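Fit chain V to the supplied structure of chain G, relying on the hints for placement.
Sequences listed follow chains G and V, in order. Numbering-wise (our numbering), the first sequence opens with residue 14 and increments by one. Numbering-wise (our numbering), the second sequence opens with residue 14 and increments by one.
There may be inaccurate statements among the hints.
One copy or two, it doesn't matter: identical chains are merged, so the pair holds either way.
To be verified - Pairs of lysine to any residue residues, derived as SDA-like cross-links and limited to a Cα-Cα distance of at most 25 angstroms, are as follows:
1) Lys-97 - Asp-113
2) Lys-97 - Glu-321
3) Lys-97 - Pro-138
4) Lys-97 - Asp-139
It is worth saying that the hints were derived from the structure and are not from the lab. A quick note: this is a predicted structure, and the numbers were derived from the prediction, not measured.
Protein chains: 2
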Amino acid sequence: MRLILVAGATRTAEVEGITAAGASRDLLVHTPSADAEIVSYGDTIRAPVTPVSPSGCPTPAVVTRAVRELLGFDVTVVDAGLAKPTGAPTVSVGARPGDDIREPDPVRTAPGAFAAARSYGRGLPDDRIVVGETIPGGTTTALAVLRALGEDALPATSSSLPENPVELKERVISAAFEASDIDPGQAAHTPELAVRFVGDPVLAVAAGIVAGAVESGTEVVLGGGTQLLAVAALVRHAGVPAPATLATTSYLAGDVSELGAAADALDLDLTVADPGFDAPEAGPLSAYADGVAKEGAGMGGALRLADEAGRLGEVRDAARTVLDRVRRRGDRDATADRGADGGS
Amino acid sequence: MRLILVAGATRTAEVEGITAAGASRDLLVHTPSADAEIVSYGDTIRAPVTPVSPSGCPTPAVVTRAVRELLGFDVTVVDAGLAKPTGAPTVSVGARPGDDIREPDPVRTAPGAFAAARSYGRGLPDDRIVVGETIPGGTTTALAVLRALGEDALPATSSSLPENPVELKERVISAAFEASDIDPGQAAHTPELAVRFVGDPVLAVAAGIVAGAVESGTEVVLGGGTQLLAVAALVRHAGVPAPATLATTSYLAGDVSELGAAADALDLDLTVADPGFDAPEAGPLSAYADGVAKEGAGMGGALRLADEAGRLGEVRDAARTVLDRVRRRGDRDATADRGADGGS
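With the rest of the complex left out, here is chain G:
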């Protein structure tokens, strides 16, 4: 068993108001690199920011790490276009950060990265993998990709914000189709072009890994929400029938009522795990239950593994332990920054 975190960036995330992943631009661009470190080491080590909001809302990477500390499975981070250096070990597949999809041809590395990731996925010796993602702005590009594939029946995607900024996303997506001069459904038989013109490098790399893994007989669990639905659609449009499981959180499933139908349409088994973060003992973890960060960094997949092991009930305490550790580091960094600024 190996959890593969596909981490990258799209400048689409810089559209004002489109994502909660990172309260400031600084936090935003460093979040995937920091998530990779938290999952790999249990703390940030090189990233200059800690992806925990001032209100204490933690990155879902904290939950994925907590489950890993409970169960001890392998984690591998694949660099799907990280914008900032990370101290986490990463696998290279030639991806670069994606541009804003309102620019023409924003993900030029997508076809090459898809092919390299597919070969990587094919070579994996594992019986089973869980695939997760971390990319701020990724729900918008996922929705655009579904539309480019002609998968209009699939649901509007979720959001990292309590109120999904649907109209804003629609404006961005329209501009993307216009900029790259393609029509909805036009990339149904060329999924790598759907990603290249209106997607992001994480979708390309995750789809490549899943396609290759399925082709070589590895069982695949897609750990996440609507971005992983887009990954499944890409795999299927690449001609690989993908018998996989979509494992998500109760918070995401509660937000997207059409999720079951969408999973059915893509032949995905859907499993939903509730880690009980709405209980008083959850402290700052209740931000998930409040809808601030419903999924991401493989959280749903990790919870599925905890559930299978009969240890879902231990996740809450384990996640609080990791969160306390990560926040201490954040406080230390903030103090060091103030020191460097000469006080105040």
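Same frame as chain G, now just chain V:
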């Protein structure tokens, strides 16, 4: 607990007859990348060669992986100038492959990589790390570095060959001091220049990680032989008193009689583990006992961990399991190659 494998290349390895790591040039340049994959996945996945000689003599990475499969600790590979792509996840510290030390200024990235690795080592959250290396030709550059530091009392280094080609190494080292125009002992206060002028990038990165880890209170086990002695010397010459353990194999210790004295001189505790590869049940693993590959890829460090856990006696069977897996992949690759060539 984290085992850190520092993997890289020096073109010094291409001097005919200097190393057994890789029977052919092809095997030689791919060995560190393949070792990284074996330790990370239990098999090669992207490397086109399997570092097992035709006689079945396996890379020590097989043993390190076997212990990892027994004990389940974390492994992180740091890219210290890999010459070929690897499917293993790697941490970047800005190192590039080293040139042949008979060329002037062969490791220009050494000072920068040392600094980045030191910062990385300082940030590690682990209580304890084991540091190992994989770099063909590395015993020659280690000997040259010890000499540049003025550590002449330290022993002649070991070799991956049954008969250590001492005279050849001495010729290469003399040429190195001449090419970079430095004298023995001249770099005693500038260890990063010792590595830059007569060393290799793995020494720079390993020394940086160890220095940073010690500075931040992490316990360090140096898992290896004379190359790790050179790492300890570099750390000490960088002004960091390094209370560490040197954990090596009985095969290496048997080959270098002065090892205990050298460890003493550097304030290192020396531990030696015997995995019993001379028994009939060891099969192809007996190549270690025969002196073909005495140490490397963190093998001594991994054996130390197995010993502490009271499971040293299980390593032989576990290593045979990994070796069988790796060889099957090698056979498959060879068959695929023949297929691609159109038969025969």
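For each hint, the structure was consulted:
1. Lys-97 - Asp-113: Within one copy only: 17 angstroms inside a chain, 32 angstroms across chains, cut-off 25 angstroms.
2. Lys-97 - Glu-321: neither (35 angstroms within a copy, 39 angstroms between copies)
3. Lys-97 - Pro-138: between (29 angstroms within a copy, 20 angstroms between copies)
4. Lys-97 - Asp-139: For Lys-97 and Asp-139, only the inter-copy Cα distance (23 angstroms) is at most 25 angstroms; the intra-copy one is 29 angstroms.
The structure does not agree with numbered hint 2 stated previously, though it agrees with all others.
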